[in-house]
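Two chains, two frames, some hints: make the complex.
Top line first, the protein sequences correspond to chains A and L.
Per this note's numbering, residue 1 is the first one in the first sequence, and the count goes up by one each step.
Per this note's numbering, residue 1 is the first one in the second sequence, and the count goes up by one each step.
Be aware that one or more of the hints could be misleading.
[What the hints assert, rightly or not] Restraint ranges, calculated between C-beta atoms of paired labels, are given here:
# : chain 1 : residue 1 : chain 2 : residue 2 : range
1 : L       : E68       : A       : L171      : 52 to 60 Å
2 : A       : L154      : L       : F60       : 25 to 33 Å
3 : L       : F60       : A       : R23       : 21 to 29 Å
4 : A       : A296      : L       : G75       : 45 to 53 Å
[Stated by the list, open to error] With a cut-off of at most 27 Å between alpha-carbon atoms, the simulated DSSO-like pairs for lysine-lysine come out as follows:
#  : chain 1 : residue 1 : chain 2 : residue 2
5  : A       : K494      : L       : K56
6  : A       : K522      : L       : K92
7  : A       : K259      : A       : K529
8  : A       : K531      : A       : K438
9  : A       : K531      : A       : K494
10 : L       : K92       : A       : K259
11 : A       : K438      : A       : K522
12 : A       : K494      : A       : K529
13 : L       : K92       : L       : K56
14 : A       : K259      : A       : K129
15 : L       : K56       : A       : K438
16 : A       : K438      : A       : K494
These aren't lab readings, by the way, just hints derived from the structure by calculation.
No experiment lies behind these values; they were computed from the predicted model shown.
We put the CB at the ideal spot given by N, CA and C, even for glycine.
If you want the building blocks of each chain, they are given just below.
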Amino acid sequence: MAGAATASLADLLEASARRDPGRIAIVAPDGRTLTYGELDLAASRVAGFLRAHGVVPGDRVGFCLPKGLASVTVLFGAMKARAGYVPVDWHGPAARNATIHRDGKVAALFLGEARHDVLAEWPAGTLPKLLVRVPMSATGSAAAHANVMHPFPLGAHDFAAALAHAPLAELASPRRRDDLAYILYTSGSTGVPKGVTLTHENALSFVDWCSELYAPTADDRFSSHAPFHFDLSIFDLYVALKHGATLHLVGEELGKDPKALARFAADRRLTIWYSTPSVLSLMAEFGQLDTLDLSALRHVLFAGEVFPVPGLRRLTRLLPRPRYWNLYGPTETNVCNYAEIPLPVPDERTRPYPIGPLCSHCDGLVLDEQQVEVAKGAEGLLWIAGPSLFQGYFGRPDLDANVFQTRAGRRWYNTGDVVRHVDGEGFVYVGRRDRMVKRRGYRIELGEVESALQRNPALREAAVISLPDSAAGVRIDAHVAPVTPPLSIIALKKWCADALPPYMSPDRFVFHATLPRTSTEKVDYQALKAKSSEPSP
Amino acid sequence: MNTTNKNQPGDPSVEIADELRRFILAEFLPGESAANLRDDTPLRTGGILDSVATLKVVSFVEQRFSIEVEAHEAGVEHFDRIADIAALVRRKRGT
Chain A
1 MAGAATASLA DLLEASARRD PGRIAIVAPD GRTLTYGELD LAASRVAGFL RAHGVVPGDR
61 VGFCLPKGLA SVTVLFGAMK ARAGYVPVDW HGPAARNATI HRDGKVAALF LGEARHDVLA
121 EWPAGTLPKL LVRVPMSATG SAAAHANVMH PFPLGAHDFA AALAHAPLAE LASPRRRDDL
181 AYILYTSGST GVPKGVTLTH ENALSFVDWC SELYAPTADD RFSSHAPFHF DLSIFDLYVA
241 LKHGATLHLV GEELGKDPKA LARFAADRRL TIWYSTPSVL SLMAEFGQLD TLDLSALRHV
301 LFAGEVFPVP GLRRLTRLLP RPRYWNLYGP TETNVCNYAE IPLPVPDERT RPYPIGPLCS
361 HCDGLVLDEQ QVEVAKGAEG LLWIAGPSLF QGYFGRPDLD ANVFQTRAGR RWYNTGDVVR
421 HVDGEGFVYV GRRDRMVKRR GYRIELGEVE SALQRNPALR EAAVISLPDS AAGVRIDAHV
481 APVTPPLSII ALKKWCADAL PPYMSPDRFV FHATLPRTST EKVDYQALKA KSSEPSP
Chain L
1 MNTTNKNQPG DPSVEIADEL RRFILAEFLP GESAANLRDD TPLRTGGILD SVATLKVVSF
61 VEQRFSIEVE AHEAGVEHFD RIADIAALVR RKRGT
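Same shape as in the complex, but just chain L (with noise of 0.2 Å):
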């Protein structure tokens, strides 16, 4: 069961949510089938982003969302799912 189905489509969450996606299967999992990486996914822990590609997805969170993200809040706590990642998007854009 795909988690990214659970919301209605024109959902905010679910758009941040593939965008996420997009761009980390497009910049760290070339050829990767979209399915495979589900919002419940580990990132970190499960070796798909490494200190530096973190990095790379905070750049982009930051740039794309128009958000400002913390040090703190790029650890394994609030950084290692899309689902996650989202959620911090959301509060910080109070969306």
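If we strip away everything but chain A, and leave its shape as in the complex, we get (with noise of 0.2 Å):
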């Protein structure tokens, strides 16, 4: 068992390697597998030759690549030559991905062949040094694509090299536990997404309280729900790999479909999920769970935004034999609350479940506006330390500094979470102060949608604002002032799916020749909730 001794997510593989070579650790959409010593040995090799062309720790290493057999070996092959890897959305608009992937500087990209537009959004003479096309064929993902050569700039490697190099040797450093192990960009308010820049240590001190929590074992089928740019999949990967347990990676168009994934998870007879409250929402409205045998699920996690109780009580009627455990934690600390749901869940409750204590290995304090810790029971923010904590976001101590705060010789980090802390419940959500808010378990600052709307020439003014909705959750609405109305609401929706990843597309349009000013001519968003708020036409 990884011990005192680890200081890389990679030791994890390489523990288990060691004990079992054989088993099965991944099982890719497309139903090939990788054993343990199979993908350790196919790492290094990524690793020798990042290390042979140039690429040295604390590099960046980016991949566009589906869910996959390919992406689990780039990550651990960044991963054990010392640098870190920096995931994107496998279908996220092509302009944004390569943003996110020259904000952080990344040394080597691999990138999918069907993603070749990406390659497009790069200005000349800016593409890293070191460009690898991974054929379709070689992803190891579900998704049927034609494997046609695409144009790729001359010295571009094909993943086939990289997979036949020289296994890297002996590291000339050792590894450390402060070195980076990966960048995960999230939405940021000015339009620019910021990297959450986390070290092994952030990772590893996560990964050992899930082992305390959840005693996995060797036996353990764990489901990969979220894509790799979320941070749900660094429990996935790294608990199941850590315990020798396999990992049923979960491709992005099953993903989506509810239906489908409920029998995966049946035929699979996956013991330990994780993902969003949606979709087991989505699963349990459409996934006909009672016709199907899911008895061998020993726990259900969720995270990544509030769990509307309907959902929750209907998913647990239908599957009463495992344990729920409601997760809380931004990108920048992971996991820092948790709350196991007494089951079952009453018919009269309405009011959402606690994000419940802290972890083991986090601190939280409460908060006013003023960093002065509130009266128990009273609202606040949520500051968090401990070793899970971020390092900042990557390139941008503007915003570190309004995020951090030294309090008697320690780092917090303040998540713009309200919380009240409630005897015999641990913490209570509220909401948030902010234009931050969460669909689908990702994070929008509204203040991105905006940004690309303004970008639109069709557009003088635009400006978003979300309300709750008792389905979805939250609703997005953009109000705009077109140049030269009427303007389609269609054509402003293939803007969006152009610009923003689908969960950021506005979900209503309203037009206004000009947009309501407060006395100060700022936009009025008080107006304009007014204004959505009030009955369609």
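The following block contains the structure:
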């Protein structure tokens, strides 16, 4: 078992590979598998390839790949070479993906061939010096792609060359727990995503806490629903592989189909499931769970957003056997609070469940706007300290200054989430005071949506608000003033689809001649909310 | 040229397409003019239907036309345009 000697997430894989190299580590969406021994060797080859092409410790290795054997191999290869990985949304807009990899100053980029459109978003001469083309047949994803050779720049390497390279030999300098492990980009309020920078120490402190609470074994079968740019994937990848269990990757298409997803969980006899509440709600509603044998399931974990009680009640009635866990924490800290849901969920309950007590590796404070501790039970902002706390936003000390605070020699992070500490329940989530909302587990800065719309030449003005929605949790309304009315909503949706990930696209568009303004000439968001709350014509 | 006008009135494929259009406009495009939602407007790739919205359209189609849509039929290949969905419904109903 990984103990005090563990310095890196890559050590977890290597220890499991030494214990039982023939055991299946990964089952890819296309059904192909990698044993621990195979994955470890393939990742060592990628690491050798990276080093031979000038990637040094602390560098960033970007990838834009579907869920599959290639993406898992690349992320471990990067970490074996003591570089950090920078994943992006496989289906994300080309311009946004290129922006993220440019911001992270990646030294290498592994690009799935079907996303060659991303290349056009890099100005001439700015592409990373090491560009690796990954043919779709080599990604291990389930998506049916014609394996056409797309024009890649001269000098691009083929993934086969990385997999055939001599494995990285003994490292000249040992791995360190404070080495960069990965950078996960989340929505930024000014329109530019921000890179949450995390070390091996940050991830391992969380992984070790999970080991204690869930006591997984090599016989467990984990789901891997979250994409690798989403921090729920940290649990899936590293808790599963630390314990020699098998990780069942859920491909992008399957992940969106609740009926097929439920069948997948039953067919694979999964024992540990982790996803957002919205995925579980959809499975309860559309998954025909009553017709399936899901008796192997021991733990169902959810995080990323509040689980509306009706959906949770429906799910736990259909599947009463597993234990259910509400996990809470921003990407910046990973999970810092947890609560087991006591079953059954009573008929009369409408209030969402608390986020619970702090994890044993985290400390928390509830402070007011002046950073003074509030009385117990009062509302305040949740601040977190501990070994899982991120290093900062990559290359953005200006943003760091807003969220970090040193108190008595310790670094604390302001989550921006308003909570109350209640006896017997731990922490109760209240809401937010800024313009960040969560949808399907993803963070959305309304400012990023606004900024995408403001770039549309057909619009004179644009402002975006969120409203509570009984079905979806949150609804996003865009208020826009076209240059020349009338403007087609379909054209606006297409613009958003090209500029933003699907979960950020506004649900409704409301047209104005000019946007309402306050006396100080700022957009009057209160007036927009009132307008949005009017019944539809 | 609006592609909905190609067929004769009373043609079942026109009726299916018009019902789909009414549903999609009311649910996902409130305020949009019906003329802008053509039979060949891309729904998935055009950002009109995301994955959750697609599930709602599948549910609507199954209930309204008494057919069952398989998971593999709800992908971008069969479900990106009103014309494709209407064709799928026609095939399933044998009309």
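The hints, checked one at a time:
1. Distance hint check for L/E68 and A/L171: the Cβ-Cβ separation is about 56 Å, which falls inside the suggested range of 52 to 60 Å.
2. Remark: the range hint 25 to 33 Å for A/L154 to L/F60 is contradicted by a beta-carbon distance near 50 Å.
3. Roughly 46 Å separates the CB atoms of L/F60 and A/R23, a value that falls outside the hinted 21 to 29 Å.
4. Look at A/A296 against L/G75: about 29 Å separates their beta carbons, and that is not inside 45 to 53 Å.
5. Between A/K494 and L/K56 the CA atoms are separated by roughly 20 Å; this keeps the pair inside 27 Å, and the hint holds.
6. Taking the CA atoms of A/K522 and L/K92, the gap is near 54 Å; set against the 27 Å cutoff, the hint is violated.
7. Between A/K259 and A/K529 the alpha-carbon distance is near 36 Å, which puts this suggested pair outside the 27 Å criterion.
8. At most 27 Å may separate the alpha-carbon atoms for a hinted pair to count; A/K531 and A/K438 meet this at roughly 22 Å.
9. Taking the CA atoms of A/K531 and A/K494, the gap is near 24 Å; set against the 27 Å cutoff, the hint holds.
10. Using a Cα cut-off of 27 Å, the hinted pair L/K92 and A/K259 holds, with the two alpha carbons roughly 20 Å apart.
11. For the proposed pair A/K438 and A/K522, the alpha carbon gap of about 25 Å is at most 27 Å, so the pair holds.
12. A threshold of 27 Å between alpha carbons decides the hint, and for A/K494 with A/K529 the separation of about 24 Å falls inside it, so the pair holds.
13. Between L/K92 and L/K56, the direct Cα distance comes to roughly 19 Å. Compliance with the 27 Å bound is thereby established for this hinted pair.
14. Of the supplied pair hints, the one linking A/K259 and A/K129 is violated, its CA atoms being roughly 43 Å apart against a limit of 27 Å.
15. The suggested pairing of L/K56 with A/K438 holds, with an alpha-carbon distance near 21 Å, which does not exceed 27 Å.
16. A C-alpha spacing of about 22 Å is found between A/K438 and A/K494, which places the hinted pair at or below 27 Å, so the restraint holds.
Hints 2, 3, 4, 6, 7 and 14 from the earlier list are contradicted by this structure; the remaining hints agree with it.
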